[in-house]
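K.L.:
Letter by letter, the chains look like this.
Protein chains: 2
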Amino acid sequence: MRFNSQTSCDGVSEQLFTLGEIPGVLWTPEGAVGTRPLILMGHGGGQHKKAPGIVFRAHRFVVERGFAVVAVDVPGHGDRPTDEEYHRIATENQARVEAGEELAPLIAGFQALVARQTVPEWRAVLDAVQQLEHVGVGPVGYWGVSLGCGLGVPFVAAEPRVRAAVLGLGGALASAEAAGRITVPVEFLMQWDDERVPRAQGLALFDALGSAEKTLHANPGGHGEIPAFELDSTLRFFARHLI
Amino acid sequence: MRFNSQTSCDGVSEQLFTLGEIPGVLWTPEGAVGTRPLILMGHGGGQHKKAPGIVFRAHRFVVERGFAVVAVDVPGHGDRPTDEEYHRIATENQARVEAGEELAPLIAGFQALVARQTVPEWRAVLDAVQQLEHVGVGPVGYWGVSLGCGLGVPFVAAEPRVRAAVLGLGGALASAEAAGRITVPVEFLMQWDDERVPRAQGLALFDALGSAEKTLHANPGGHGEIPAFELDSTLRFFARHLI
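Chains as they are written, first to last, in the UniProt record's numbering: chain A, 1 to 243; chain B, 1 to 243.
In short, the hints are calculated from the structure, not lab data. As the structure is a computational prediction, the values presented were derived from the model and not from experiment. Note that beta-carbon positions come from the ideal geometry of N, C-alpha and C, so glycine has one too. Hints may contain errors.
Residues of chain B placed beyond 10 Å of chain A at every Cβ, according to the derived structure [claimed, not checked]:
no., residue
1, Thr7
2, Asp79
3, Pro227
For the chain A half of the interface with chain B, some residues (derived, Cβ under 10 Å), not all of them [what the hints assert, rightly or not]:
no., residue
4, Phe206
5, Glu213
6, Lys214
7, Leu216
8, Asp232
9, Arg240
Generate coordinates for the entire structure from the input sequences, incorporating the hints supplied.
P.N.:
Next comes the structure, spelled out in structure tokens:
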């Protein structure tokens, strides 16, 4: 793990790092000492580790709860080189949609493929970040919607360090099987008028989650229109399970 | 409006009253002076104005937010005399269920019938309680699940003083039409394994709500098993919209 820069803003320390080929960013309270809960955040499709929504949420997690937050670029996103195989599949899928195929199963298949790479990458990131003195081996949470849900479900299912997860804007096609192996508390976000994930698919993914404690929060609006008050709920959810 | 008793416990003043033939109870902060938000709570079927769940929620609304809370016995419940017509219909419905008819449409029809009486009753209760100096004409919220939802949906649709409502454990059969006329923010509670309200019926009622801001909170478990953390969410929801 190599640190490339460190800056501070409004009480939040931001460290850019690379772990092997993975570019990442770690946010912690300025001057943080000792172990704290760590949230791994997965970004959406076409976004990256420092997408505005990721940065905004990370700052609130750090400032209001003293958490550490880590995010990395998914293959083919942000500061990572174009992945030729993924690029080829994405281009093919685009052509298939234009030829009249349904989008959801294509997205599902693609996310399952990428997850085979990101699950071990994210586990390695946890290993590395938890060795830092100002993070330590505390409880871990996962936050990710849309692509961050498609990749997050198999990650949360595979990683016993994750004790609570916020997931959503994803459907059962991609990850119902892995969802059934999740047993930690989950807050699941759905957009009632999601133009990308059919309502029945979202409900089926919530239904498939194996967790005894799982809460579905559904709100009106399209894929990108999660209301602001859900972030307050997310903060309380993680505080309830990680502190 | 006639007050029959006043007691205090843990900072909460409890006043029993009758308004015409309606027995009711009003909870306010001990020594309360001046106008405050008022929550009308509808109880469940077979329960009454002082059912343990109602009292527990009322105390938290009063102690943590300074709200006033009012609850009354629904016809045929609590301190009200047996209503012969309702009793006859309930007995007939029981026989029809035993003969193999579906329960949900029978409940829906019965609740619609009772609502024709309770909507004007509850409006009269609001009129009377808001004349009290320690309640006043502040913002009004409604809380009710199960029977309290079946009666609450037409009430919230009809009563412009209600600015926010927590509803749930109800289905579209009873009240989809009235739900479409509701425009205030709604937090809607569903139990994912509800043995009395089919899942599709609950989702359809949420869908039918006309509100631009509505949030579905669905949790695993049966009809009576809403998790405790939802009350925290309810408190924040009312605080957001009534304070």
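K.L.:
Can you list which hints this structure breaks, lowest number first?
P.N.:
3
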